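Q: The task is simple: from the sequences and hints, build the whole structure.
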Amino acid sequence: MGEKQGRALVVGAGISGIRSALDLAETGCDVTLIDAAPHMGGVLSKLEYQFPSDGCGMCRMLPMADRDTCLQACLRKGLVHGGIDLMLSTSLKGLEGEPGKYRVTLETEPCIIDPNLCTGCNRCSEVCPVTIPDPFNQGLSTTKAVHLPVPHAIPNIYTIDMDHCTLCGECETVCPFGAIYLPGDGRLELKIPRTLVEMDVGAVVLACGIDYYDPTTGINTFGYKELKDVVSNIELERILSGTGPFKGSLERPSDGRVPSRMAWIQCVGSRDLEFPACSSVCCMIALKEAVLVRKRSGGTIETVIYYMDMRCFSKEFEAYRRRAENKYGVILKRARPHSVRHDRNTGGLWLYITGDSGVREDEAFDMVVLSLGQRPGKSVKDLAKITGIGLNPLGFFEAPLSGVGDNTGVFAAGSASGLKDIGESVIHSSSASAMALKVIHGAKKITDEETEPLNGFRDVSTQVPDIGVVLCQCPNGPDIEPQVKSIGANDVHVSGIMAMDRICTREGWDGMLEALAGKPFNRILVLACSPQLFLDKKAAISKAMDLDPAYIDFADIGKGEPLASTVKMGLARIRYADRLNSMASTMVPKVLVVGGGLGGMTAALSVADSGFEAVIVEKEPRLGGNLVWLDKDITGYDFGRLLDNTCQQVENHPGIRVFTNAVVEDSRGGPGNYTTTFKVGGNDSKRIGHGAVILATGGREAETTAYGYGTSDAVKTNLEVEQALKAGTMDPGDMNVVVMIQCVDSRCDTREYCSRICCKSSLKHALEMKRINPDLGVYVLYREMMSYGFSEIYFKEARERGVIFIRYSLEQKPQVISGTDGPVVKVHEPILNRTMEIRSDLVVLATGILPSAIQSLAALFDAGVDDYSFFKEADSKWRPVDAVNGGVFACGLALGPRDTKESMASARAAAMGAVRLISSRPAGVSLVTAGIKHSLCILCERCIGSCVYGARTLDPDAGKIRIDPVACQGCGSCAAVCTNSAAFVNNYLDQQMLEIIDAAI
Amino acid sequence: MDEMIKLKEMLNPCIQCGTCTASCPNEVDMDLVPRKLWRMVLMDRNEAIFDSQTFTLCSSCYLCTLRCPRGLPLTAAMAKLKAIAAKSDLAKYRKSTRFYKSFMESVRRHGRVREGEFMALYFLSMKNPLLPLSFVSLGMQMMRKNKVAFELPAKPGTGNLDRLFKKVAEIEEGL
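Protein chains in written order, with our numbering: chain C, 1 to 1001; chain S, 1 to 175.
Honestly, the hints are just simulated from the structure, not real lab data.
For clarity, every value in this text was computed on a predicted model and none was experimentally measured.
Cβ coordinates follow ideal geometry from the N, Cα and C atoms, glycine included.
Take the hints with a grain of salt, since some may be wrong.
[As the list claims (entries may be wrong)] Simulated restraints on C-beta separations:
#, chain 1, residue 1, chain 2, residue 2, range
1, C, 393, S, 164, 53 to 61 Å
2, S, 44, C, 59, 52 to 60 Å
3, C, 641, S, 62, 45 to 53 Å
4, S, 115, C, 821, 58 to 66 Å
5, C, 359, S, 62, 49 to 57 Å
6, S, 173, C, 821, 56 to 64 Å
7, C, 85, S, 62, 56 to 64 Å
8, S, 131, C, 360, 30 to 38 Å
9, S, 144, C, 360, 48 to 56 Å
10, C, 59, S, 61, 34 to 42 Å
11, C, 391, S, 4, 38 to 46 Å
[To be verified] Residues from chain C that keep clear of chain S, each with C-beta distances beyond 12 Å, as calculated:
#, residue
12, 80
13, 549
14, 724
15, 932
[Stated by the list, open to error] Only some residues are given here: those of chain C computed to face chain S with a beta carbon under 7 Å:
#, residue
16, 272
17, 273
18, 336
19, 352
20, 799
21, 832
A: Shown next, in the form of C-alpha cells:
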C-alpha cells in the first residue's frame, strides 16, 4: 500500500466494484465497498465459465505488488484486503458536499443473523420448515428460507428471506452461537431500525451493474416461465454449474432428460421497440454456452444459435466464433424466430423461422435458451438522483467522453453505463478509479503524520522456533484442549498452549491479545475456524507482540478435518515460516509513456494527476496521433476541441514532460525500476529511470488494394472520407449514390479480427452525408453490422433515413467495376436472391485497423505481441491492459481496435495500473516469494526460462541468478524445474512441504 | 409514384429479419414472400411489386404487425399496396379490385350486401360475357341453400349509406 490518500466509496461489489476498490486501495486510499446484496460478486458469483478462455481467472485481479495486504484466494469467493472495508446489505442513501469532500449516508439492512457470530454450520437451514425457490439458481432448485445466498462465498453468512419466513423461531433455538435474532411475533413488528452510517469520502465510484430483461413483463411470445424448457442464458449458466440445480449435469428442467437439440435465440429484449440498443455481450455468451454444451456432450447435442448479427467485435472474438463453428460444430443461423410453441405430442418446442430464401424452415428443439438483453440496474435511478449523475435516454449512467473539466467526484464504472464484457468492465472500472483518485489526490491535505516504520519488529529470523499456540475453544464444540496439549507436548518447538474462549467475539479477541502481549514466542499459531477472514487480525497480533506477521499463522479447525493432522500441519508450516530479508528495490515514482496520441496523453494526465511524474516520448514532431485527422464522433462530439484541450492540459501540467521527435532505444531493469534511453531529434540521447511504462503507440488505417482502390479517385477509404468531409473538399450534395463496403480485408483468413469501429464510422459518414443531401442514395454492404451497445440506435436511425443495408458473404464478395460515369458495384442481394448493380459516384472502403509495429519495443520491456501484432495483454478479461510481468501497460489502438472513448478509458486504466505499481511501497518482500541458494545453483538457467513474470535474470558479472522480488509472484515454477533444489519458494520449502504432508497422513 | 415513396419511408426501418414471413398464414401461396416484398419496396422495384399477387392474398390477420421487431405497420402497408393497385386500376388486379368495388357499391345502396346485385355489378364491371359461366356451379350450390337469390341491380341513385361513404371519401382525400 502506498502513501495514505483519502477515503473512497465504491458502490457495488461485483467485478467492477472489486476492480475499482482494489485500484484505490492499492494506491493508498481507504476504501469502503458496499453492496445491496448480502454477498459480494454480483452476477459473476453465478457464472463459472467466461469466454474466450472458457474458464475463470478472476484471481488475476489480485494485487501483484505488496501481495500480503490481500488474501490470496479465489476472488469469486470473496475479497479480503487490509485497505477495504466491506459493507454488505448496504446502500447509498445520501451524498452532500463537493468533489473531494463528500459526506455520504449509508444504510445497512437490519441483520437478522449476526455475521460476526454465524459460522455457517447449516443447523438453522436443516430445521427451517419453509422451502423457497433458490434465487442463486434462478429458481430452478429449492432452498430454505434461511439459506446461504452464495454457496462458495467467504465469509459465508446465512441470510433469511423475510418475505417467506414464517417467524416460527426454529432456527433461533437451534443456533449454537445465538447468532439469530428473529423479530417478535407478527410481521408488523418487523421494522427493525436500519443502521445509518455517515462518513466522509473524497470520491464515489458507482459500479452498481445492470439488470436483465424479464420476458414475462412483455408479450412473452417465447413462453418464458410458461414452458419449462425455455430458459434464460443465466439459468443455463446455473444448469451447467457444478453448484447448479442438477449438480452440473445438463438436463431439461421439465423432465430431467438430456436434450438432443438446443436452440439459442438472440436479442431477446434487445434491438427491439422497447429497447433499441444492443446488449453487446450476448452473442459471445451464446457462443460460449453452445461451445460448453458441445464439449460437455462430446458433440452429441446439436446447438443452433439464431441471431440477427453475430457481434464478435473484440480482438479475439472473431477467432472464437470461427472455432465454435469449425472446431466445435456450433450451428449459426441468421433468423429471428418470433415465438416458441410447445408440441404436446413430442414434448418438443417449435420455432417458426423463414430462411434467407424465403422458405419456411421451422424446427423443433428440446430446449430453448433466451439471450436476455440488458436493462438499467434497479438502483440506478435512485443513485442518479442522489449523486446528480445524468442518465441517458435508456436509463443508464451517462459516461461523458472526456471526463475532462466535469466538476464531479462521482464516476460510473463497468456496466452501470451500459453492459460490457468482463474485459471492458475491468477497463472502465479502472478508468473510473483513476478519475476518482485524481479527485481524492487533489483534495488531499498535506499532513505531517509519520508513516509507520517499516520492518520495525524484533528480529527473530535467526532464533530457534519457539511456537505459541492459541486455541479457540468453542463452547458448543468438543473439548479439544487435551488433544492439542498432547500434540504440543510431543513437539519440542511448542513452548506454550493457550486456550481462549471464542476469539470470534470482540471480548474473546481482546482477551487473546492481552494474554499474548509481551510473551516471548517467536512463532504464533492460532487454531480457529474461518481463519481466512483474520487478515486484519494478524496485524493486531503482530502489533501486540512486536512480531513480524510472517511468523503468525492460522489453522482452520472448523472444517471438520481430523484435528490432529490439522494441528500438526499447522505446526510444521509455522516452524519454517520466514521472511526473505532481501529488500525490494525502491519504486521509481515515474511513468514512461511511449506515444503522444490521445491514449498516451490521457494516460500521462492520469498519472500526473495522481501525483506522479509522467514522461511522454513521441516519435512525431507533434502530439495528437490519429486525433489530428478525426473530425467528430457519431454523437457529434467535436474531436478538434478534445485535441486542443488535451494537448493544452498536457503542456501545462507540471507533472508531465514531453519529448517529441523521440524514439526509445533501449531499456533495462524490471517492474518498479526501469532505466530507458531514448533519442531525441535523431542524435541527442537521453536516459530516464521510471517504475512503469505505458505503450500508447497507436495504430493506423490499413492499406488496401481491394475493390479497385488506387485505380480510381472515386474509391476512397473511411479515413479519406473523414478528412474530406472535415476539410469540406467533398460535397455529398454533388453526388447521387454512395456505396460503402465494410470488412475490407478484415474478418477473413488473412486478417481474422474485427476492427470494431469501422461500422460506427461508416454509419457516422452515412448519416452525415444523408444530412447534407437527403436524396443521396447510400448503400452499405456489410457482413455483420457491429453497432454494439448504444450505437445500435444510429444503425436504426440510418435505416430510417433511407440508407440501404445489403448483406454480403465472404463467398460472394461485392465487385467494383470501373464504369464510364463512376464505379459500378455488383453485389448479391440475399433477400431478393439477385445480383444488383449499383452505379455510384463514390465507393468508401472500411479497411480496418492495423497496430503500429511494436514487437521490438514491447520486447525491450519483456512484453510481447499477440497473433495480430497488437500488444499481448496478460489476460483479455482480468488484466486487459497489462503485460504478464506487471510493469508494462498498453492502451488505445496498441491494445486492439477501439474508439476514442474506449481508448481514453483504456488509457486511464493503464495509468491506474502503473500508479498501482509505483505507489506500492512494499514493507519488505511478500511472504511467498522465490529465492535461490547460490551454493547449490549450477547456473543452468532453467528457472529463468520457466519464470513467466521475468523475475529471474542471470547476473553475468557476479555469476549468479538474481531475483526481482517485485516481479516475482511466488508461483513456484522455478522451484519445480530446478534439478538441485537451489530455487525455492519461501514458506513453501521442500522440507516444510514434506513435513506438512507427513503430518497430514 | 408519390404513394410508393410514402410507403418506402414507412418501411425504411425494416431489418429484413423475416419475422413477417414466418408469421404469415398465407405465405405459402404468395409468389413474393412478405420479406422480399418489403425489400423490393426499399429497392424501388415497383414493377416487380405490381407483378406479384402477394398483397392481394393478405387476409389482414395482423400477425406480422404484431410481431414486427421494428413495430412497422405491415398490414397497413399491404392495404396501401391494394389501394394503389385499385386506384391505378391495374389490369392484373381488376378481378379483385372490381370485386371489392362491386361489393361496396351494393353496401352503399342498401346498407348491406345483396348477393345477386353484387355479383351482377361485378360481372358488368368486368365486361366479360363468359365470366358468369365460371360462377355457375358455385351459384347453383348457394342458391340451393338459399344463400343468394336472383335479383337485378337496383337503380344507382341515392343509397342509405351515402353520407357515410362521402365522409370516408373526404377523409381519404385528406390522407
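Q: Now tell me, hint by hint, if it's right for this structure.
A: Evaluated hints:
1. The supplied range of 53 to 61 Å is broken by residue 393/C and residue 164/S, whose beta-carbon atoms lie about 44 Å from each other.
2. The supplied range of 52 to 60 Å is met by residue 44/S and residue 59/C, whose beta-carbon atoms lie about 59 Å from each other.
3. For residue 641/C paired with residue 62/S, a C-beta distance near 50 Å keeps the hint of 45 to 53 Å intact.
4. Against the hinted window of 58 to 66 Å, the Cβ-Cβ separation of residue 115/S and residue 821/C comes to about 60 Å, which satisfies the hint.
5. Checked against the hint of 49 to 57 Å, the C-beta distance between residue 359/C and residue 62/S comes to roughly 23 Å, which is inconsistent with it.
6. For residue 173/S and residue 821/C, the Cβ-Cβ distance of about 42 Å falls outside the hinted range of 56 to 64 Å, so the restraint is violated.
7. In this structure the supplied range 56 to 64 Å holds for residue 85/C paired with residue 62/S, their Cβ-Cβ distance being about 58 Å.
8. Look at residue 131/S against residue 360/C: about 35 Å separates their beta carbons, and that is inside 30 to 38 Å.
9. For the hinted restraint 48 to 56 Å between residue 144/S and residue 360/C, the CB-CB distance of approximately 39 Å leaves it violated.
10. Taking 34 to 42 Å as the suggested C-beta distance range, the pair residue 59/C and residue 61/S does not conform, at roughly 56 Å.
11. Between residue 391/C and residue 4/S the Cβ separation comes to about 41 Å, which falls inside the hinted range of 38 to 46 Å.
12. Chain S leaves residue 80/C outside its interface by the beta-carbon criterion, the shortest separation being 47 Å against a cut-off of 12 Å.
13. Its beta-carbon lying about 60 Å from the closest one in chain S, residue 549/C satisfies the requirement of being farther than 12 Å from that chain.
14. Taking the minimum C-beta to C-beta distance to chain S, about 27 Å, the non-interface status of residue 724/C holds against the 12 Å cut.
15. Interface exclusion of residue 932/C from chain S stands, the closest Cβ pair being 64 Å apart, more than 12 Å.
16. Annotation: interface hint on residue 272/C holds; nearest CB of chain S at approximately 5 Å, less than 7 Å.
17. With a least beta-carbon distance of about 5 Å to chain S, the hint placing residue 273/C at the interface is held under the 7 Å criterion.
18. Hint status for residue 336/C relative to chain S: holds, with the closest Cβ pair at about 4 Å, below 7 Å.
19. Using the Cβ-Cβ criterion of 7 Å, the hint placing residue 352/C at the interface with chain S is satisfied: the shortest such distance is roughly 5 Å.
20. Annotation: interface hint on residue 799/C holds; nearest CB of chain S at approximately 5 Å, less than 7 Å.
21. Nearest Cβ of chain S to the Cβ of residue 832/C: about 6 Å, under the 7 Å cut. The hint holds.
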